[in-house]
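**Student:** Let the sequences and hints guide you as you build the complete structure.
Just so we're on the same page, our numbering is the position in the sequence shown counted from 1, plus 25.
Please keep in mind that the hints were generated in silico from the structure rather than gathered at the bench.
All values reported here derive from a predicted model rather than from experimental measurement.
We put the beta carbon where it would ideally sit given N, CA and C, even for glycine.
Worth double-checking, as some hints may not be accurate.
[As the list claims (entries may be wrong)] Simulated restraints on C-beta separations:
| id | residue 1 | residue 2 | range |
| --- | --- | --- | --- |
| 1 | P49 | R80 | 12 to 20 angstroms |
| 2 | Q116 | E43 | 26 to 34 angstroms |
| 3 | K120 | D88 | 30 to 38 angstroms |
| 4 | F130 | Q107 | 17 to 25 angstroms |
| 5 | G62 | V146 | 19 to 27 angstroms |
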Amino acid sequence: MGNLGSERWLQAVLAAAEVLPVVPGCHVTARIEISGGPDGPIRLGAVVADGRLVRLSSGRPADHDCTISCSAADAQGILSGQVDPAVAYMQGRLKIDGAYERVLFGLQPVLGGEEFAAFVVEVAALTGAD
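**Tutor:** Put into C-alpha coordinates, the structure is as follows:
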(Lines of atoms letter the chains of each structure in order from A and count residues from 1; the text may use other names and numbers.)
(Lines give C-alpha, C1' and ligand atoms only; values in the text may rest on other atoms or scores of the structure.)
Protein backbone atom coordinates (compact mmCIF):
# COMPACT_ATOMS: atom_id res chain seq x y z
CA MET A 1 0.00 0.00 0.00
CA GLY A 2 2.89 2.31 -0.52
CA ASN A 3 3.41 4.77 2.31
CA LEU A 4 -0.18 4.75 3.58
CA GLY A 5 -0.28 5.96 7.17
CA SER A 6 3.20 7.50 7.26
CA GLU A 7 3.43 11.03 8.66
CA ARG A 8 4.43 12.32 5.23
CA TRP A 9 1.42 10.61 3.60
CA LEU A 10 -0.96 11.96 6.27
CA GLN A 11 0.26 15.53 5.74
CA ALA A 12 0.08 15.19 1.95
CA VAL A 13 -3.51 13.89 2.13
CA LEU A 14 -4.49 16.80 4.38
CA ALA A 15 -2.95 19.22 1.87
CA ALA A 16 -4.80 17.51 -1.00
CA ALA A 17 -8.05 17.84 0.97
CA GLU A 18 -7.89 21.62 0.64
CA VAL A 19 -9.90 21.25 -2.60
CA LEU A 20 -12.90 19.75 -0.79
CA PRO A 21 -15.95 22.02 -0.53
CA VAL A 22 -17.26 23.51 2.67
CA VAL A 23 -20.55 21.80 3.57
CA PRO A 24 -21.99 23.35 6.74
CA GLY A 25 -23.17 20.75 9.24
CA CYS A 26 -21.28 17.86 7.63
CA HIS A 27 -19.28 16.48 10.56
CA VAL A 28 -17.80 13.07 11.39
CA THR A 29 -14.96 11.84 13.57
CA ALA A 30 -13.85 8.37 12.53
CA ARG A 31 -11.51 5.67 13.68
CA ILE A 32 -10.18 3.82 10.61
CA GLU A 33 -8.88 0.25 10.90
CA ILE A 34 -7.18 -1.31 7.86
CA SER A 35 -6.24 -4.98 8.20
CA GLY A 36 -3.88 -7.16 6.20
CA GLY A 37 -1.27 -4.58 5.30
CA PRO A 38 2.31 -5.73 4.69
CA ASP A 39 3.42 -4.13 7.96
CA GLY A 40 0.37 -5.17 9.98
CA PRO A 41 -2.80 -3.24 10.74
CA ILE A 42 -3.03 0.47 9.98
CA ARG A 43 -4.98 2.60 12.42
CA LEU A 44 -5.93 6.17 11.64
CA GLY A 45 -8.13 8.91 13.03
CA ALA A 46 -9.97 11.32 10.73
CA VAL A 47 -12.00 14.42 11.51
CA VAL A 48 -14.31 16.02 8.95
CA ALA A 49 -15.75 19.40 9.95
CA ASP A 50 -18.15 21.24 7.66
CA GLY A 51 -17.27 18.84 4.85
CA ARG A 52 -13.51 19.43 5.09
CA LEU A 53 -10.94 16.88 6.24
CA VAL A 54 -9.32 18.90 9.02
CA ARG A 55 -7.37 16.22 10.88
CA LEU A 56 -5.80 12.92 9.88
CA SER A 57 -3.52 11.13 12.30
CA SER A 58 -2.02 7.73 12.94
CA GLY A 59 -3.18 5.70 15.91
CA ARG A 60 -6.52 5.12 17.57
CA PRO A 61 -8.43 8.28 18.46
CA ALA A 62 -10.13 8.11 21.85
CA ASP A 63 -13.16 10.11 20.74
CA HIS A 64 -14.92 9.02 17.55
CA ASP A 65 -18.43 8.79 16.13
CA CYS A 66 -17.78 5.60 14.22
CA THR A 67 -15.22 2.97 13.32
CA ILE A 68 -14.60 2.23 9.65
CA SER A 69 -12.81 -1.03 8.88
CA CYS A 70 -11.74 -2.86 5.74
CA SER A 71 -8.92 -4.91 4.28
CA ALA A 72 -5.77 -3.37 2.85
CA ALA A 73 -6.84 -4.48 -0.65
CA ASP A 74 -10.21 -2.76 -0.32
CA ALA A 75 -8.61 0.37 1.16
CA GLN A 76 -6.27 0.50 -1.84
CA GLY A 77 -9.24 0.14 -4.19
CA ILE A 78 -11.22 2.86 -2.42
CA LEU A 79 -8.25 5.25 -2.33
CA SER A 80 -7.56 4.68 -6.02
CA GLY A 81 -11.20 5.23 -6.97
CA GLN A 82 -11.53 1.68 -8.33
CA VAL A 83 -13.82 0.48 -5.52
CA ASP A 84 -17.05 2.30 -4.70
CA PRO A 85 -17.24 2.54 -0.89
CA ALA A 86 -21.05 2.20 -0.96
CA VAL A 87 -20.78 -1.06 -2.91
CA ALA A 88 -18.04 -2.36 -0.59
CA TYR A 89 -20.30 -1.50 2.37
CA MET A 90 -23.29 -3.31 0.86
CA GLN A 91 -21.09 -6.35 0.18
CA GLY A 92 -19.82 -6.37 3.78
CA ARG A 93 -16.24 -5.60 2.74
CA LEU A 94 -16.35 -2.14 4.33
CA LYS A 95 -17.77 -2.09 7.85
CA ILE A 96 -19.01 0.97 9.70
CA ASP A 97 -19.78 0.65 13.40
CA GLY A 98 -21.39 3.51 15.28
CA ALA A 99 -22.84 6.57 13.55
CA TYR A 100 -22.86 4.96 10.09
CA GLU A 101 -25.44 7.46 8.82
CA ARG A 102 -22.89 10.27 9.15
CA VAL A 103 -20.58 8.44 6.76
CA LEU A 104 -23.11 6.93 4.35
CA PHE A 105 -25.48 9.88 4.12
CA GLY A 106 -23.89 12.89 5.78
CA LEU A 107 -20.81 12.87 3.53
CA GLN A 108 -22.77 12.53 0.26
CA PRO A 109 -22.62 16.27 -0.56
CA VAL A 110 -18.82 16.02 -0.39
CA LEU A 111 -18.35 12.64 -2.07
CA GLY A 112 -20.48 13.44 -5.11
CA GLY A 113 -18.64 16.50 -6.39
CA GLU A 114 -15.84 17.04 -8.86
CA GLU A 115 -13.67 18.40 -6.03
CA PHE A 116 -13.80 14.98 -4.38
CA ALA A 117 -12.92 13.32 -7.71
CA ALA A 118 -9.81 15.53 -7.90
CA PHE A 119 -8.99 14.65 -4.29
CA VAL A 120 -9.25 10.90 -5.08
CA VAL A 121 -6.84 11.31 -8.02
CA GLU A 122 -4.33 13.08 -5.78
CA VAL A 123 -4.64 10.51 -2.98
CA ALA A 124 -4.26 7.66 -5.49
CA ALA A 125 -0.99 9.21 -6.66
CA LEU A 126 0.19 9.66 -3.06
CA THR A 127 -0.66 6.04 -2.24
CA GLY A 128 1.18 4.65 -5.24
CA ALA A 129 -1.98 3.43 -6.98
CA ASP A 130 -2.13 3.20 -10.75
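**Student:** For each hint, tell me whether it holds in the structure or not.
**Tutor:** Hint-by-hint comparison with the structure:
At about 18 angstroms, the CB distance of P49 to R80 agrees with the hint of 12 to 20 angstroms. Taking 26 to 34 angstroms as the suggested C-beta distance range, the pair Q116 and E43 conforms, at roughly 32 angstroms. Between K120 and D88 the beta carbon distance is about 20 angstroms. The supplied range of 30 to 38 angstroms is therefore violated. Between F130 and Q107 the beta carbons are some 23 angstroms apart, a value that agrees with the proposed interval 17 to 25 angstroms.
The hinted window of 19 to 27 angstroms between G62 and V146 holds, with their beta carbons roughly 22 angstroms apart.
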